[in-house]
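Chains as they are written, first to last, in my numbering: chain A, 127 to 379; chain B, 33 to 364; chain C, 6 to 275.
Hint data in this document are derived by calculation from the structure and do not stem from the laboratory.
Virtual Cβ for every residue (Gly too), placed ideally from N, Cα, C.
Wrong hints could be hidden among the right ones.
[Claimed, not checked] Label pairs and their in silico Cβ distance ranges:
id, chain 1, residue 1, chain 2, residue 2, range
1, B, 106, C, 73, 35 to 41 Å
2, B, 199, C, 275, 48 to 54 Å
3, C, 22, B, 87, 41 to 47 Å
4, A, 234, C, 73, 37 to 43 Å
5, A, 183, C, 70, 50 to 56 Å
6, C, 78, A, 161, 53 to 59 Å
7, B, 179, C, 274, 31 to 37 Å
8, A, 254, B, 47, 33 to 39 Å
9, C, 70, A, 151, 27 to 33 Å
10, B, 106, C, 275, 20 to 26 Å
11, C, 275, B, 47, 39 to 45 Å
12, C, 241, B, 60, 43 to 49 Å
13, B, 86, C, 274, 15 to 21 Å
14, B, 158, C, 70, 53 to 59 Å
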Amino acid sequence: MIRFENVSKTLGGRKILDEVSFVIEPGETFVICGPSGVGKSVTLKHMVRLLTPDDGDVFVGDNCISDAEGRELERTREWFGYLFQGGALLAWLNVFENVALPLREKTPLADAEIRKRVQTTLDLVEMGGDGEKMPSEISGGMRKRAGLARAIIHDPKIVLYDEPTSGLDPVTSRTIDALIERLQKEKNVTSVVVTHDLHSALSIGNRIAMLNNAHIVELATPKEFVSSDNADVQNFLASQFITREGSWERKRS
Amino acid sequence: MRAKCINRELTTEVIVGAFMMTVLLGLGYFTIILSRQAWFIEQQPLDVRFAHVMGLRDGDNVVCRGMPIGTVDRLELRQDGVHVLANLESPVTLHEDYVITVVTTSILGGRHLEINEGTHSLPIVEREFYDGTPPYDLIGDAAAVVNGLRKGLVEEGTIENFRKTSEQLRDITTRINEGEGLLGRLVSKDDTLYNDIAASAKALREITGRLQEGKSTIGKLLSDDDKIYKDLTATVASLRAVAERLESGKSTLGKLMSDDAEIYKDLAEATASAKRIAENLEKGEGLIGRMLTDDSLYDDVSSTVKEARDTMEDMREASPVSTFSSIFFGAF
Amino acid sequence: MITREPEFFPPPKGMLGRIGRGVIFSCREAGLAGIMLVQAILATRFMFTRRARREIIDQMFMAGIKSLKVITVVAVFTGMILALQTGIELRKFNQEVNIGTAVMVSMLREMGPFMTGLILAACVGSAIAAQIGTMVVSEEVAALEIMSIDPVRFLVMPRLVAMTIMTPALAFYTCILGVIGGGIVGATQLGVSWQAYIDNATRFADVKDLYVGILKGVLFGIIITTVSCHEGFATTQGAVGVGLSTRQAVVTSFLLLLIVGYMVTRLFYV
Chain A
127 MIRFENVSKT LGGRKILDEV SFVIEPGETF VICGPSGVGK SVTLKHMVRL
177 LTPDDGDVFV GDNCISDAEG RELERTREWF GYLFQGGALL AWLNVFENVA
227 LPLREKTPLA DAEIRKRVQT TLDLVEMGGD GEKMPSEISG GMRKRAGLAR
277 AIIHDPKIVL YDEPTSGLDP VTSRTIDALI ERLQKEKNVT SVVVTHDLHS
327 ALSIGNRIAM LNNAHIVELA TPKEFVSSDN ADVQNFLASQ FITREGSWER
377 KRS
Chain B
33 MRAKCINREL TTEVIVGAFM MTVLLGLGYF TIILSRQAWF IEQQPLDVRF
83 AHVMGLRDGD NVVCRGMPIG TVDRLELRQD GVHVLANLES PVTLHEDYVI
133 TVVTTSILGG RHLEINEGTH SLPIVEREFY DGTPPYDLIG DAAAVVNGLR
183 KGLVEEGTIE NFRKTSEQLR DITTRINEGE GLLGRLVSKD DTLYNDIAAS
233 AKALREITGR LQEGKSTIGK LLSDDDKIYK DLTATVASLR AVAERLESGK
283 STLGKLMSDD AEIYKDLAEA TASAKRIAEN LEKGEGLIGR MLTDDSLYDD
333 VSSTVKEARD TMEDMREASP VSTFSSIFFG AF
Chain C
6 MITREPEFFP PPKGMLGRIG RGVIFSCREA GLAGIMLVQA ILATRFMFTR
56 RARREIIDQM FMAGIKSLKV ITVVAVFTGM ILALQTGIEL RKFNQEVNIG
106 TAVMVSMLRE MGPFMTGLIL AACVGSAIAA QIGTMVVSEE VAALEIMSID
156 PVRFLVMPRL VAMTIMTPAL AFYTCILGVI GGGIVGATQL GVSWQAYIDN
206 ATRFADVKDL YVGILKGVLF GIIITTVSCH EGFATTQGAV GVGLSTRQAV
256 VTSFLLLLIV GYMVTRLFYV
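Sequences are here, hints too, so could you generate the full structure?
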């Protein structure tokens, strides 16, 4: 579904990605983890061409998004839903209007149809009753859920999550995790999750890639990931009190 | 909730709309006012031909006896000159000695078309187009005259004459002040000098009188502006004061008597020159005379008089004789 | 693409390098702003869609009606100052009555649009820059791009249209209030009767003066919006960056207002 081929990127004089290659399969939940500032979000932004690689190509399906321009880029971007770290809701529109925005702007749907779909999606993220609230009136977790609702309103094939659980309390974090899983199961979307929260990564990911020093140091299923011999991975796991014999697997429903 | 939202949207729209409507109405109103077009009044066209319109523009006012009666519609450059096509709101009948001219409106600039209908007793003229009097280029005229003056003065040696005269006068004054004894002799033995001075003063007074009657531009100027007239009369008064001082010297300054014939001659010469100048002025001969009789010199002369007055203020402390000479010098 | 990738350039070497970089960067920014303006003008073909209409009306309300209060005060006092200053000088020549013309002409030609421009740059321009800057920082602009909603069409176009309509309207409003303010000073301080003042004011001002002022208003509106939106989009470095952009937007707008104001006057009156 998404293919990185020898992608390199230098930002601010520092090499963030150095010839990174990997493939994300359709329908899977792909988790990119790693410590802060290692280039996880940069990788994610390459997928929707918010950043352009210095070297190498990014393919979405068969389209090379890193070369696309104009209408082609627009069409490719319609495959995606993107959940930003802070939700990125427009401050002067209420939640309902924010979620309705992609439909209003990009589709010729009638108002009634839009209302119905927005309501359904808001119900899905358990915000059915908060449509009239302004983004400044709701909590960070709600903002993220509203952002998620907006990201999936147009039934994208791929949903990208940028730190979906950062800054949230553990209970809300698990709710979000559950939502991501549910979406993947119900709508069969391909999910790419960027996180440094390993609990979340292990519980929702089909495959986990760990990024460090501009390279992918490990790419494996959760089970293999936990038992990896890579020192970076072991350090990272240890920092979040996850051991090979730990109970992370039991969290899976 | 939703109804409230719609309400707010409506309010915004209404306020913005009301503001825009007000502005547009105001804009329209101002356009009409500033274009000075009377849209609902029947207008009388007027076609005036000028050789030169001095920067008159479309939309400028047409004024008759100080009252705006219409606007300049457009200007057309044709073979025979510039045709000014004006629209008049109130009709004007022009008599044979009508004058139409372009006038500077204010010190801030702007032009308007000034119509003088002419004398009512004369027959009325009706033509396809009327002839405009060429605008008065005051500054140009003044510059030409001043140039002529300067040329004349240098070539005819007038300046030299004046300088000599003044020097002599100053010299005399100094000597009088120093009490060299000339005064007594001057006044007691020989009346000619006194008479000469008196005559000069008289001539000057006559000029002033003529000016006062408004016979020439300066006269007009003076009758318009009391102050300048007063200045001139004050000058004459100063001159008279000299005479009086000389006169009073007859009795009290007898001891100053001496046989300095040289100085006596000097003074006699100087006074004679002054007299000659005054006479020439009166006759309207010479450049200053022309200056006084020539109507086009209004500006130049008024500034000269002002300058003369300023000089005089400065010289007030000095002797009256030098004041007299300084008037003539101030003129150049 | 309106969202910018973070950039990094090695520090320039020496004085010349710094100047050269400054020139190149200014040219680039001007070019980007120009491109954005062209895109926004092209996007005006969508201005009659329902959402755009709503947004334009909202922006007009924010830009115009909300600044009416401050503009009213500034306009009246500008007129009063003009009348007082010229009146004091003209009094020396007994020509006080000509303050009507002086105030009317200078308000229409220059002060009206210019004062409006300054106020709008300070109130509305800074608000636009801050808002768009915050949106950039909180990734809202990126979100719009990913939703394939053109930020120029969505954010810049309504503001551009609103300001292009509102600035000349407010400039005209400023002129009128300024003339009224001048009349008040004339009547109370200089002994020029209201009637004489109005008569003098309307007699010598020209329709051309009025419309050149309006044209200036239009240009100023475009300048303020373009500069502010561009600075907003150019925001980097979080909250500090928003502050810098806002400041830069106001400063650049002021400079451009002065320069363009001069050029328009030069174009029409010399």
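Outcome of the hint check:
1. B:106 to C:73: 35 to 41 Å: Holds - the Cβ-Cβ distance for residue 106 of chain B and residue 73 of chain C, about 39 Å, lies within 35 to 41 Å.
2. B:199 to C:275: 48 to 54 Å: 51 Å, holds
3. C:22 to B:87: 41 to 47 Å: With a Cβ separation near 54 Å, residue 22 of chain C and residue 87 of chain B fall outside 41 to 47 Å, so the hint is violated.
4. A:234 to C:73: 37 to 43 Å: For residue 73 of chain C against residue 234 of chain A, whose Cβ atoms are near 38 Å apart, the range 37 to 43 Å holds.
5. A:183 to C:70: 50 to 56 Å: 51 Å, holds
6. C:78 to A:161: 53 to 59 Å: 55 Å, holds
7. B:179 to C:274: 31 to 37 Å: 33 Å, holds
8. A:254 to B:47: 33 to 39 Å: Distance hint for residue 254 of chain A, residue 47 of chain B holds at roughly 35 Å.
9. C:70 to A:151: 27 to 33 Å: 55 Å, violated
10. B:106 to C:275: 20 to 26 Å: 23 Å, holds
11. C:275 to B:47: 39 to 45 Å: 40 Å, holds
12. C:241 to B:60: 43 to 49 Å: 47 Å, holds
13. B:86 to C:274: 15 to 21 Å: 18 Å, holds
14. B:158 to C:70: 53 to 59 Å: This hint holds: roughly 58 Å between Cβ atoms.
In the structure shown, a violation is registered for the earlier hints numbered 3, 9, in ascending order.
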